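Peer 1: Sequence:
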Amino acid sequence: MSDDDGYCLDTGARDWMNDPSNRKITNEHRFVEIFDAGSGIQIMVEQKRDDEIAALCATPLTPGTKWALRLLLSTQDDEEPKITPYSKAAVAGLRQHWRLPGLYANLFVYQTAFAPVPGVSSWKGLLSRIDFGSGWGSTVEIAHNTNTNVTYGVCFGLCSETGNLFLDRLMAARGYAIHPCLALLLVTDLMLTDVRDFEEKMTDDFEPLIMAIGTESYRWISPVVAPVKDFAEIPRRLATLADAGASMTCAISMLTITFEFLGRALEDFKGFGAGCRVEEGLKAHLSFTRSKVKRMEWNNQQLKESAQAQVQLVYALLAQKDNQISHRYGADMRIISAVTLIFLPGTFIATLFSASFWNFQPTNTGPIVSKWVWLYFVVTALLTLFVWSFWRGYPMLKGLWRRKKNVDEEQGEKKKKGV
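Numbering follows the UniProt record's numbering, in which position 364 of the sequence shown is assigned residue number 364; successive positions increment by one, without gaps.
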């Protein structure tokens with residue numbers, strides 16, 4: 001069933017898929033088939049181009065297949081996780097033969113079950129899209145036919161390196177490929193590994209800061225860790241860690257939601273031919289990974305609270321340091337004032353009476369004070385008034401000039417916009 005036969009509820013997703021800017025066709029596709037045709041588990045991996053996908057989807061299963069996983073792994077380097085790497089012809093082939101409708105393409109983070117073939121209960125579908133940021137994102141969409149025990153799926157958004165890791169883990173867990181949830185679980189495991197590495201980097205960045213502050217008494221820190229030397233740099237780095245902690249909180253929330261979704265999916269597919277060993281193994285692994293996410297949540301909370309305490313302490317220490325500097329400057333100013341009070345009157349008297357307006361010579365029979373002595377006081381008063389006026393008026397003139405410049409810039413912007 002297509003989106004154009006009168007049964008399309010999500011027109012936003014349809015329009016998003018039809019927008020060429022949301023599609024970047026690549027040829028980095030690997031077709032992975034893991035199946036059991038009666039002679040044991042067999043694996044086939046083939047490199048495919050985009051123009052081969054439609055024909056690939058139409059190829060029949062190996063005769064006698066008991067179960068199979070047919071997965072198209074498409075890696076995307078330096079691309080947004082939402083960018084679709086398939087052409088319209090490839091999407092049509094996936095829709096027609098693998099029953100992958102390509103819905104919800106316009107959503108960033110989403111986990112849902114869907115009906116690959118509406119009204120047919122033997123077909124069940126799962127979609128998981130995760131966008132962690134920092135270049136990490138993935139989309140996994142699967143459709144499972146419970147009658148034939150065949151799972152069809154696509155996985156795109158991973159970079160080449162992560163795609164290789166996913167393929168290695170898929171090969172190692174090929175015995176679990178009979179279960180439809182395996183691909184979703186492995187991709188989520190990869191994100192968990194990436195988030196854990198991010199958490200370790202945050203811890204490595206945090207330890208030199210607390211050593212510089214001096215609050216590492218109750219922590220074990222490797223002897224090779226050196227404290228930060230630039231104390232003024234610490235507040236900025238602590239703020240960076242706080243921002244990273246917020247990203248960690250978001251990532252942990254996404255992981256928690258995804259693992260809850262996987263738990264429900266495992267229950268939904270219980271008893272559909274996978275066998276107790278496979279089902280119990282996947283459940284045990286899911287329980288273990290959930291415990292790791294919980295530990296990461298606790299560690300992140302502890303780091304955020306500790307970083308907040310360090311920020312408060314750093315600002316208190318900086319304020320204390322500024323206060324000490326102010327006291328030292330205050331003491332210096334008092335010394336300068338005392339010296340000025342001692343020497344300024346004498347300097348004034350020496351300057352005044354050394355002028356030629358005065359004649360204290362013993363042989364002087366004329367007036368001691370020249371009649372032009374008033375010039376000294378008038379010029380001194382005028383110069384003092386000029387200096388005082390400039391000192392008071394320059395900041396005001398500078399402010400007026402800045403405001404005039406801002407007004408001119410605003411008027412220029414309005415003229416450019418045609419307002």
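In case anyone wonders, no lab produced these hints; they're calculated from the structure.
As the structure is a prediction and not an experimental result, all values here were calculated from the model.
Hints are not guaranteed to be accurate.
Only pairs whose alpha carbons sit at most 25 Å apart, straight line, appear in this in silico DSS-like list of lysine-lysine [what the hints assert, rightly or not]: (1) 88 to 24; (2) 283 to 66; (3) 304 to 292; (4) 294 to 229; (5) 229 to 321; (6) 201 to 321; (7) 294 to 283; (8) 283 to 270; (9) 405 to 415; (10) 415 to 404; (11) 404 to 414; (12) 292 to 201.
Derived Cβ-Cβ restraints for the label pairs, each shown as a range [what the hints assert, rightly or not]: (13) 257 to 312: 31 to 39 Å; (14) 40 to 240: 30 to 38 Å; (15) 240 to 347: 50 to 58 Å; (16) 112 to 18: 18 to 26 Å; (17) 200 to 41: 18 to 26 Å; (18) 333 to 404: 31 to 39 Å; (19) 200 to 281: 22 to 30 Å; (20) 333 to 361: 53 to 61 Å; (21) 214 to 335: 47 to 55 Å; (22) 37 to 240: 33 to 41 Å; (23) 257 to 395: 35 to 43 Å; (24) 287 to 21: 36 to 44 Å; (25) 381 to 321: 41 to 49 Å.
Even glycine gets a Cβ: it sits at the ideal position worked out from N, Cα and C.
Peer 1: Each of the hints needs a verdict: does it hold here or not?
Peer 2: Taking the hints in turn, this is what the structure says about them:
Restraint check for residue 88 and residue 24: the C-alpha separation of about 11 Å stays at or below 25 Å, so the hint holds. For the hint pairing residue 283 with residue 66, the CA-to-CA distance comes to about 23 Å; that is within 25 Å, so the pair holds. Only pairs whose Cα atoms come within 25 Å are accepted, and residue 304 paired with residue 292 is accepted, the gap being roughly 18 Å. Taking the CA atoms of residue 294 and residue 229, the gap is about 35 Å. The hint is violated against a cut of 25 Å.
At roughly 16 Å between alpha-carbon atoms, residue 229 and residue 321 fall within 25 Å of each other, so this suggested pair holds. Using a Cα cut-off of 25 Å, the hinted pair residue 201 and residue 321 is violated, with the two alpha carbons roughly 31 Å apart. The straight-line distance between the Cα atoms of residue 294 and residue 283 is roughly 17 Å, inside the 25 Å bound, and the hint therefore holds. Proposed proximity of residue 283 and residue 270 is supported: the alpha carbons are some 11 Å apart, at most 25 Å.
A threshold of 25 Å between alpha carbons decides the hint, and for residue 405 with residue 415 the separation of about 15 Å falls inside it, so the pair holds. Among the hinted pairs, residue 415 with residue 404 is consistent with the structure: their alpha-carbon atoms are about 17 Å apart, no more than 25 Å. A hinted pair counts as satisfied when its Cα atoms are at most 25 Å apart, and residue 404 with residue 414 qualifies at roughly 15 Å. Distance hint between residue 292 and residue 201 is fulfilled; the C-alpha atoms sit about 17 Å from each other, no more than 25 Å.
Between residue 257 and residue 312 the Cβ separation comes to about 33 Å, which falls inside the hinted range of 31 to 39 Å. Between residue 40 and residue 240, the C-beta spacing of about 53 Å breaks the proposed range 30 to 38 Å. Between residue 240 and residue 347 the beta carbons are some 55 Å apart, a value that agrees with the proposed interval 50 to 58 Å. Restraint check, residue 112 to residue 18: a C-beta distance of roughly 21 Å satisfies the suggested window 18 to 26 Å.
Range check, residue 200 to residue 41: about 35 Å between beta-carbon atoms, so the 18 to 26 Å window is missed. For residue 333 and residue 404, the hinted distance range of 31 to 39 Å is satisfied, since their beta carbons lie about 37 Å from each other. A hinted range of 22 to 30 Å holds for the C-beta pair residue 200 and residue 281, which are about 28 Å apart. In this structure the hint that residue 333 and residue 361 lie 53 to 61 Å apart at CB is violated, the actual value being about 42 Å.
Taking the beta carbon of each, residue 214 and residue 335 are about 33 Å apart, not inside 47 to 55 Å as hinted. In this structure the hint that residue 37 and residue 240 lie 33 to 41 Å apart at CB is violated, the actual value being about 55 Å. Checked against the given bound of 35 to 43 Å, the beta carbons of residue 257 and residue 395, roughly 57 Å apart, lie outside it. Taken as a hint, the range 36 to 44 Å holds for the pair residue 287 and residue 21, whose Cβ atoms sit roughly 42 Å apart.
The hinted range of 41 to 49 Å is satisfied by residue 381 and residue 321, whose Cβ atoms lie roughly 44 Å apart.
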